[in-house]
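Asker: Here is how the chains run, residue by residue.
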Amino acid sequence: MISIRHIVKQYAGHRALDDVSIEIEKGKVFGLLGPNGAGKTSLIRIINQITAPDSGEVLFNGQKMSQIHTERIGYLPEERGLYKKMEIGEQILYLAQLKGLTRLEARKRAKYWFEKLEITSWWNKKIEELSKGMQQKAQFVATVIHEPELLILDEPFTGFDPVNAEIIKNEILELNKKGATVIFSTHRMESVEELCDSIALLNLSKKILDGKVKTIRNTYRNGTYILEYDGGKINADGGAPFTVLSETATDEGQHLKLRINAGRKVNDVLQYMLPLVSIHRLEEVVPTMNEIFIQTVSKKN
Amino acid sequence: MSKILLIIQREYFSRVKKKSFLLITFLVPVLFIGMFALIGYLSVHQDVFSERKKVEVIDESGWFVNKLQNTTRLEYTFTKENDATAKANFIKAGYDYLLYIPASLKNVQLIAENKPSTGVTQSIETALSAIAQSNRLAEAHIDSAVLASAQKSISVEGLQITENGIKNAHVYASYGVGLACAFLIYMSLFLYGAQVMRGVIEEKVSRIIEVIISSVKPFQLMLGKIIGVGLVGLTQFVLWIVLSITLSTVAGGLMKNNVKARTEQMSQLQHQTAPTDAGAVVAAKPDNVMGNVMEEIESIPVVYVVSCFLFYFLFGYLLYSALFAAVGSAVDSETETQQFMIPVTLPLIFTFVLSQSVIVNNPDSSLSVWLSIIPFTSPIAMMIRIPFGGVPGWQLALSMLLMILGFLFTTWVAGRIYRVGILMYGKKASYKELAKWFFYKE
Numbered sequence: 085m086i087s088i089r090h091i092v093k094q095y096a097g098h099r100a101l102d103d104v105s106i107e108i109e110k111g112k113v114f115g116l117l118g119p120n121g122a123g124k125t126s127l128i129r130i131i132n133q134i135t136a137p138d139s140g141e142v143l144f145n146g147q148k149m150s151q152i153h154t155e156r157i158g159y160l161p162e163e164r165g166l167y168k169k170m171e172i173g174e175q176i177l178y179l180a181q182l183k184g185l186t187r188l189e190a191r192k193r194a195k196y197w198f199e200k201l202e203i204t205s206w207w208n209k210k211i212e213e214l215s216k217g218m219q220q221k222a223q224f225v226a227t228v229i230h231e232p233e234l235l236i237l238d239e240p241f242t243g244f245d246p247v248n249a250e251i252i253k254n255e256i257l258e259l260n261k262k263g264a265t266v267i268f269s270t271h272r273m274e275s276v277e278e279l280c281d282s283i284a285l286l287n288l289s290k291k292i293l294d295g296k297v298k299t300i301r302n303t304y305r306n307g308t309y310i311l312e313y314d315g316g317k318i319n320a321d322g323g324a325p326f327t328v329l330s331e332t333a334t335d336e337g338q339h340l341k342l343r344i345n346a347g348r349k350v351n352d353v354l355q356y357m358l359p360l361v362s363i364h365r366l367e368e369v370v371p372t373m374n375e376i377f378i379q380t381v382s383k384k385n
Numbered sequence: 164m165s166k167i168l169l170i171i172q173r174e175y176f177s178r179v180k181k182k183s184f185l186l187i188t189f190l191v192p193v194l195f196i197g198m199f200a201l202i203g204y205l206s207v208h209q210d211v212f213s214e215r216k217k218v219e220v221i222d223e224s225g226w227f228v229n230k231l232q233n234t235t236r237l238e239y240t241f242t243k244e245n246d247a248t249a250k251a252n253f254i255k256a257g258y259d260y261l262l263y264i265p266a267s268l269k270n271v272q273l274i275a276e277n278k279p280s281t282g283v284t285q286s287i288e289t290a291l292s293a294i295a296q297s298n299r300l301a302e303a304h305i306d307s308a309v310l311a312s313a314q315k316s317i318s319v320e321g322l323q324i325t326e327n328g329i330k331n332a333h334v335y336a337s338y339g340v341g342l343a344c345a346f347l348i349y350m351s352l353f354l355y356g357a358q359v360m361r362g363v364i365e366e367k368v369s370r371i372i373e374v375i376i377s378s379v380k381p382f383q384l385m386l387g388k389i390i391g392v393g394l395v396g397l398t399q400f401v402l403w404i405v406l407s408i409t410l411s412t413v414a415g416g417l418m419k420n421n422v423k424a425r426t427e428q429m430s431q432l433q434h435q436t437a438p439t440d441a442g443a444v445v446a447a448k449p450d451n452v453m454g455n456v457m458e459e460i461e462s463i464p465v466v467y468v469v470s471c472f473l474f475y476f477l478f479g480y481l482l483y484s485a486l487f488a489a490v491g492s493a494v495d496s497e498t499e500t501q502q503f504m505i506p507v508t509l510p511l512i513f514t515f516v517l518s519q520s521v522i523v524n525n526p527d528s529s530l531s532v533w534l535s536i537i538p539f540t541s542p543i544a545m546m547i548r549i550p551f552g553g554v555p556g557w558q559l560a561l562s563m564l565l566m567i568l569g570f571l572f573t574t575w576v577a578g579r580i581y582r583v584g585i586l587m588y589g590k591k592a593s594y595k596e597l598a599k600w601f602f603y604k605e
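Residue numbers (this note's numbering), protein chains in the order written: chain V, 85 to 385; chain C, 164 to 605.
Read the hints as simulated data drawn from the structure, not as lab findings.
Please note: incorrect hints may appear among the correct ones.
Facing chain C, a subset of chain V residues (Cβ under 7 Å, in silico) [claimed, not checked]:
#, residue
1, V92
2, A96
3, P161
4, Y167
5, K168
6, K183
Everything numeric in this text was worked out from a predicted model, so none of it was measured.
Glycine residues also receive a C-beta, built at the ideal position from the N, C-alpha and C atoms.
Could you build the full structure based on these sequences and the hints that come with them?
Answerer: Rendered as structure tokens:
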């Protein structure tokens, strides 16, 4: 759906994006990750055609991105903003019309969304009269009202309480199910694993990692397992197929974190342990995106 | 294109729908006319608010006894008391001033409990000088009839040769209308330019800018805003012009009837009393002045002046508001605008100050001509010249053409700064930075 090819963006004195190429598949949720200042916002602005790259290009469904595509994109910037002195309803109609909807159509859809998010009573309120969370909801409506094929959400959950964050998350997933591609920029990793199919990790203006979330996590598996069992401490000698990383005694029994030695399998561990203890649980420790993020970023730094 | 229309619509209606817009539109002409009426009233009836002062006079020269006429403001009483006792007692005696005239006429003193006001001092000075002068002339055996004819002042009538022959040039009306137009243009450029600037800052501060320019080009937004606010200004001016013309026609009509009625009354009065009654002649005079003012105003070619005014207002506004928009885009709050405002407003202030003296007194001098052709100064300078008439067609055409080119130029420059500026937060921009923004690629 979106092909980002060799994008370079130079600002006075520093390079915000250095030869970044990313492929975003249609109908997927794509996570654009990276620490602050990595270049996420610069890239998002380029995709939105708010700024233009110094070199490189962005393709939208194979076509070179141009002004006609802006109507098919919905953008929720990290720095939220609406006209403070304008009534919400009027404001959303205005933004929707700027995205190419007729006034009639905009009114119909705005009604639908206001009912869905239970904010109908705010229609005539001015933004400055609303709480921050309420403003966010209104802004979300403004982002999705024209049913964009591509949703670009920069830190969509900040400013929401957990209940409303959940509502918004479900709305995003529903839109995705209906066919919208979502680019989701964040540095909060919990939401990434839950929502994203693929990610790209930016750090210091460069792309340092990208791919499917599952694939990435698999490549970062290193044979670490958690084993819980009843029984005393075991003395794993040289014959054991694993190395003990840590060992704690809890009320439920022994808690063992281990790494399987090279060339051995999980089954070998079970075979070794079965005669000795009674096993409650054996689980692979797959690194979280958060760990991968920190690990990759600090390694490159 | 339809998006620019949307933006214009929003900018226009969000301002016109405000209560303050309606209030200003209808109150300003009323206030203006009220103010002028008040000034006129006060200058005619100055004495209403100052009570009559009592002046005790010690005249040692004997020249002035019974010759100092009481006026509406001053009432003279002559006393025979000697200098010292009078000085000691005059306040107790209920007098406001003590006028002491020594025999030599040198060192005349006006004594009061507080400092004597300059107005009173001056009118006493004038009265004394006049009497002293005629006394001296009489002593020199000059006939007072000869004197009166010698002292008659001469009034010069400004005339203008046109195709239809020689007519009254109505210089004073041109003067007044020119200054008024220049002032209105000056004010409105600041007023509406600042509105554009504030609008840009508002969008930047509230961060809605990013949402909007993900839908439209920054240039479209800037242009939409400028045109929208400009239409607001135009609406306001058209309403003002219509209102003032209506009001002044009504007022003028009333005044004329009034003048007619009063002159008739006067002539009747004159017939009734002695035809040489000086009082009636003097009383009739102000009405003639009033009639002259109305005639002067009517001599201005209204359509020509109004259409030139609207043109220069519109393009002056377009030219300057683009710069104001660029300034707004470079800052994070209104307080930071100062450093960029000076170069933008300097040509305006410069021309305005010049217009009040140099240009209005010499509307055809080469300085006036140049200032009325250069786009940054022409809206004010040309509007001073227009009411005088006689601006050659080529000068007006050149000035207007340059105005349009100047507008295109500033809008282009401002647009390049604007598109970068609106996305820059928290950084204090310098002129160097603005130059860099200007040269950024798309």
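Asker: Each hint should be assessed against the structure and marked as holding or not.
Answerer: To see whether the hints hold, each was checked on the structure:
The beta carbon of V92(V) is not positioned within 7 Å of any beta carbon in chain C (closest approach about 12 Å), and the interface hint is therefore violated. The criterion of a C-beta within 7 Å of any C-beta in chain C is met by A96(V), whose closest approach is roughly 6 Å, and the hint holds. For P161(V), the interface hint holds, since its Cβ comes within 7 Å of a Cβ in chain C; the closest pair sits about 4 Å apart. Because the smallest distance between the Cβ of Y167(V) and any Cβ of chain C comes to about 6 Å, under 7 Å, the interface hint for this residue holds.
With its C-beta approaching chain C no nearer than about 6 Å, K168(V) sits inside the 7 Å limit, and its interface hint holds. Proximity of K183(V) to chain C holds as hinted, the smallest CB-CB distance being about 5 Å (cut-off 7 Å).
Going down the numbered hints, you'll see the structure goes against just number 1.
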